[in-house]
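These protein sequence lines are chains V and L, in that order. If you're matching positions, the first sequence starts at 2 in my numbering and goes up one per residue. If you're matching positions, the second sequence starts at 30 in my numbering and goes up one per residue.
To be clear, the hints were calculated from the coordinates, so they are not data collected in a lab. All residues carry an ideal CB built from backbone N, CA and C; glycine is no exception. Fair warning: there could be bad hints in the mix.
To be verified - Distance ranges between label pairs, derived from CB positions: (1) V:Gly138 to L:Ala207: 41 to 49 Å; (2) V:Gly138 to L:Pro68: 34 to 42 Å; (3) V:Ala233 to L:Thr183: 38 to 46 Å; (4) L:Ala339 to V:Asp382: 57 to 65 Å; (5) V:Thr135 to L:Ala380: 55 to 63 Å.
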Amino acid sequence: MFDHQTLLCRPSLQVVTAHGHPASTALSICLPAGRVDEDDSTHGAADVLAALLDAAELRDATQDVTALWSVDADEFALSCVLNCRPLYAESAIRDLANRWRRILAFDPCTETGLRLFHAARAEAAARQQGAAGTRRGIADTLVDAWARGLDGLPQSRADRTLALAPEAFRRYLTAAVAPRAFFAAHCGPEPERLAPALDRFAVSWPGADPTAQHAAHAPLTAPARAYLVPAAGPTAWITTAWPSVPRHDPRHRISAVLATLLSAGDGPLLTRLRHTGGHLYRIEARTVALITTGRLLVQGEVHTAAAQTCVRAVHHAVEEAGQGSLDPHMADAARRRLLTRIRHAVATNRGRAADLASAHLHGLPPDHHHEIEAGILAVPDEALHRFARELADTNAINIVIGSAQAAHDHAPANPRMPR
Amino acid sequence: MTMLARTTAEGTRILLRSDPQSHLTALALAVPAGRGADPEGRAGLAHMVEHLALKEQRSGQSPLSFSLNAFTTRDLTVYETVCAPEQAETAARSLLRVLSGMPHVNQTVLDIERRIIDVEAGGVGGPMDRADSVMGAHQDRATVTVADLIAFHTVHYRPERAVMAVTGAADPDALTSALDLHPRGGVAQQPTTTSPPQLLRPVQRNKGNGDTTHRFLAPSVTSPHYAVAAAVCVGLTGAAAHHFDLAATTAPHAKSLQHPGAFAYQGRLHPGRAASTLVLTVHHPGRPFAALRPRLDPARAKAETAGAIALLREDPLLAARAEAGWALYRSDGLDGLANAVEAAAPDAVLACANEVLANV
Chain V
2 MFDHQTLLCR PSLQVVTAHG HPASTALSIC LPAGRVDEDD STHGAADVLA
52 ALLDAAELRD ATQDVTALWS VDADEFALSC VLNCRPLYAE SAIRDLANRW
102 RRILAFDPCT ETGLRLFHAA RAEAAARQQG AAGTRRGIAD TLVDAWARGL
152 DGLPQSRADR TLALAPEAFR RYLTAAVAPR AFFAAHCGPE PERLAPALDR
202 FAVSWPGADP TAQHAAHAPL TAPARAYLVP AAGPTAWITT AWPSVPRHDP
252 RHRISAVLAT LLSAGDGPLL TRLRHTGGHL YRIEARTVAL ITTGRLLVQG
302 EVHTAAAQTC VRAVHHAVEE AGQGSLDPHM ADAARRRLLT RIRHAVATNR
352 GRAADLASAH LHGLPPDHHH EIEAGILAVP DEALHRFARE LADTNAINIV
402 IGSAQAAHDH APANPRMPR
Chain L
30 MTMLARTTAE GTRILLRSDP QSHLTALALA VPAGRGADPE GRAGLAHMVE
80 HLALKEQRSG QSPLSFSLNA FTTRDLTVYE TVCAPEQAET AARSLLRVLS
130 GMPHVNQTVL DIERRIIDVE AGGVGGPMDR ADSVMGAHQD RATVTVADLI
180 AFHTVHYRPE RAVMAVTGAA DPDALTSALD LHPRGGVAQQ PTTTSPPQLL
230 RPVQRNKGNG DTTHRFLAPS VTSPHYAVAA AVCVGLTGAA AHHFDLAATT
280 APHAKSLQHP GAFAYQGRLH PGRAASTLVL TVHHPGRPFA ALRPRLDPAR
330 AKAETAGAIA LLREDPLLAA RAEAGWALYR SDGLDGLANA VEAAAPDAVL
380 ACANEVLANV
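Whole structure, please, built from the sequences with the hints as guidance.
What follows is the structure in C-alpha cells.
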C-alpha cells in the first residue's frame with residue numbers, strides 16, 4: 002500500500018520517495034532543530050528562523066510565486082512542505098536551497114541582516130500572538146505549561162521572542178542549525194528528475210548530525226489542576242487533558258482508539274452532551290503524541306451555563322470506559338474509523354510526504370502504516386478499558402475559559418451524570 | 030478515471046468515478062437547497078434541516094464505522110463521508126436516507142437542535158449568529174416550526190433534485206448492482222440564471238483585524254466568464270491551490286486561522302448560481318495584492334487553476350464533494366469547469382485581473 006525507496010543518501014540530506022498521484026509533487030524537508038534546542042537566551046529562535054526562511058527577501062526574485070513552501074517550526078523540527086505542479090518542483094527546490102545557503106551566511110549583526118532579523122522576529126511574534134490569542138491557544142498554553150510542571154500561564158511566548166537578541170539568534174544558528182542533517186520525503190511523479198537539485202542542496206549544506214538527542218521519556222506525574230480563565234463571549238471553551246504516551250510507544254494506538262471512540266458521533270460524549278443535552282455542537286478528543294511524551298485531550302465550545310456539566314461528563318465517560326462498560330460494537334466502529342482517518346491523512350501526495358517525514362522524526366520506520374493498521378485492529382477491548390482506567394486514576398488538568406457564569410453550572414441535571 | 034452516470038429508482042443521479050490508486054471510497058450527496066432557499070424571516074432553515082436530516086438518518090441505526098458530516102452553503106447542502114471500500118454500500122444507503130423524510134422530528138428534537146446551533150454560531154450574539162450567515166440569527170431560528178422543517182424537506186429534498194458522487198476506490202459495477210442503479214439517459218437540467226456580470230466588480234471593501242479584505246461580485250458558475258474569474262483568483266493568490274474553493278466549502282485552511290501571518294494572501298471564490306463572490310484577503314497590510322501586478326501571468330494562472338482541480342482529485346473526499354456540487358451547477362460538472370478554464374482567453378484573464386488590481 003505504501004511503497005517507498007531511498008532517492009538520495011548524503012551525510013547532510015537523506016531523501017525517501019513514494020509513488021503518488023501524477024498531478025502534483027509534494028516534498029517535506031525537515032531539519033531536526035526546534036524549540037527544544039532553545040535555552041533562556043535563545044527563546045523564540047526556532048520561530049524566528051521559520052519566519053526568516055519564509056521572508057520574501059530571501060527568495061529568488063525569479064522564483065515562481067506559485068510554488069510556495071509552507072514553513073513551520075515546532076518543538077523538535079523545522080519543516081518546509083512544498084505542494085505544487087510537478088513542472089515547478091525543481092525550481093522550487095533550487096529556491097529553497099538558495100534560501101538555506103543565505104541562512105548559513107546570515108549575520109544579524111550587519112545593517113541588512115539586522116533589518117531582516119527584526120522583521121522576522123516581529124513576524125514570528127505576531128504568529129505566536131495570533132496562535133495564543135484564541136481560547137484554544139490559551140488552553141493549549143496552559144496544558145503545555147502543566148505538562149512541563151509549571152503552574153498557570155507562563156510569560157507570553159511572543160513577548161519573550163521579541164526580546165531575542167541578534168547575537169543569541171546567531172548562536173542558535175551556529176549551535177543548533179548548521180550542524181544538523183536534513184531529512185526529506187518526496188511523493189509524486191518523476192523523483193529522479195528532482196534528484197540533481199536535491200543533491201546540489203545536500204552538497205551546499207555542511208551539517209551531518211542526523212538526529213537531535215532528546216531525553217528519554219519518563220512517566221508524567223503532573224499534579225491535578227483546574228483553571229477558570231475569564232473571557233467575554235456567549236460560550237465557554239472547555240479542555241480536559243491527561244498525560245499519555247509518546248508516538249513510538251505501542252500504547253499510542255490504544256490511546257488513539259479511545260480518543261476516536263470518545264469523540265464519535267454516536268459515542269458517549271456527543272450522545273449525552275449534544276444529542277440529549279444540546280450543550281455543544283462539537284467535542285473533540287485527540288491524542289497529542291510527541292517524541293518524548295504525549296497527552297490525551299478533550300476540547301470543545303459549549304453553552305456557558307453547561308460548562309461544568311460538560312467537564313464532569315468528560316471525566317464520567319472516561320471512568321465508565323475504565324469500568325468496562327464500552328459497547329464492543331462501538332469500540333469496533335472506533336477502530337475502523339481511526340483506520341479510515343489515518344488512510345485519509347495520507348491519501349494526498351502532501352499528506353504522504355508529511356507522514357514519511359514525521360515518521361522519521363519519531364523514529365518510526367517508513368512503512369509503519371502496515372504495522373499501525375494491523376495494530377489498531379488488534380487492540381483488545383480489555384486494553385481500552387485498562388488504558389481508560391489508568392487515565393481515570395491519573396491527575397488531569399481541567400480548564401474552562403469563559404465568563405464567570407461558567408463557574409456556576411445552571412444546566413439541567415442529567416440523571417446519568419454525577420454532580 | 031471515467032465518470033459513469035447512473036440513477037436510483039427514485040431518480041437521484043449517481044456519479045461514479047473510481048480511482049485505482051485510492052484505498053478509500055468517498056461519497057457526497059448534494060442537495061440544491063442552501064441559505065438562498067430560506068424563506069423570508071426563516072434565515073437558517075436550510076441549515077437546521079441539514080442538522081435534523083443527518084440526525085434522522087442515524088435514528089435507530091447501529092454504530093457506523095465511518096463518520097458522516099454535512100455542511101450548508103449559499104446554494105447547496107452537502108452530506109458526505111469517507112470510508113473503507115467494503116463499507117461503500119452501507120455509506121451510500123446512509124446518505125440516501127437523508128432524502129427519505131423526517132418522521133422523528135418533533136418539538137423536543139427541534140428545541141435541542143436550536144441550542145446546538147446556538148453554540149455552532151458562537152453563541153447567541155456570537156460571530157456567526159447573523160441573519161446573513163447560513164445559520165441565520167437566533168431570533169430567526171426561534172421562529173422555525175416543525176412544520177417549516179418538514180415543508181422545506183418535502184420541497185427541496187426530492188430525490189430527483191439530488192446528486193450523489195462516489196469517488197476513490199469504488200467498484201461501479203458492485204455499487205450499481207447493490208443499489209439497483211440504472212444508466213442515466215438524457216441531458217441534465219441546467220439551472221436558469223440571471224444574466225451574469227462579465228467582469229469582476231467590487232461590492233465591498235473593509236479593513237479590520239490587521240487584515241484587508243476585498244469582496245467582488247463575480248460571474249455565475251454557469252457563465253463562461255466564471256472560468257476567467259477562477260483563473261484570476263488562483264493567479265492572484267499564488268500557490269493557494271488548497272485555498273481555492275472549487276467545492277463550495279466554507280472550511281478555510283486551518284493553518285491560516287491558527288497562524289494569521291502564515292500566508293500573505295488568501296483568495297476564495299465562492300461559487301453561486303446567480304452570481305459568485307471573490308474574496309481576496311491580505312494578511313500583511315504592507316504587502317497588498319496590487320504588488321502582484323508585475324508577476325501575473327495569465328497562462329500560468331490558467332495552468333494553476335487546472336492544477337488546483339487536479340489537486341482536488343487527489344483527496345477522494347474533496348473530489349466527491351466537488352463532483353456532486355458541480356453536477357448541480359452545470360451538466361458537465363467539474364470536467365466542464367476544467368475545460369472552460371483551458372479554453373479561457375489569456376487576454377480576458379489579464380483584463381479581468383487588471384480590473385481587480387485597480388480596485389484593491
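ask   = What hint numbers does the structure not satisfy?
value = 4 and 5
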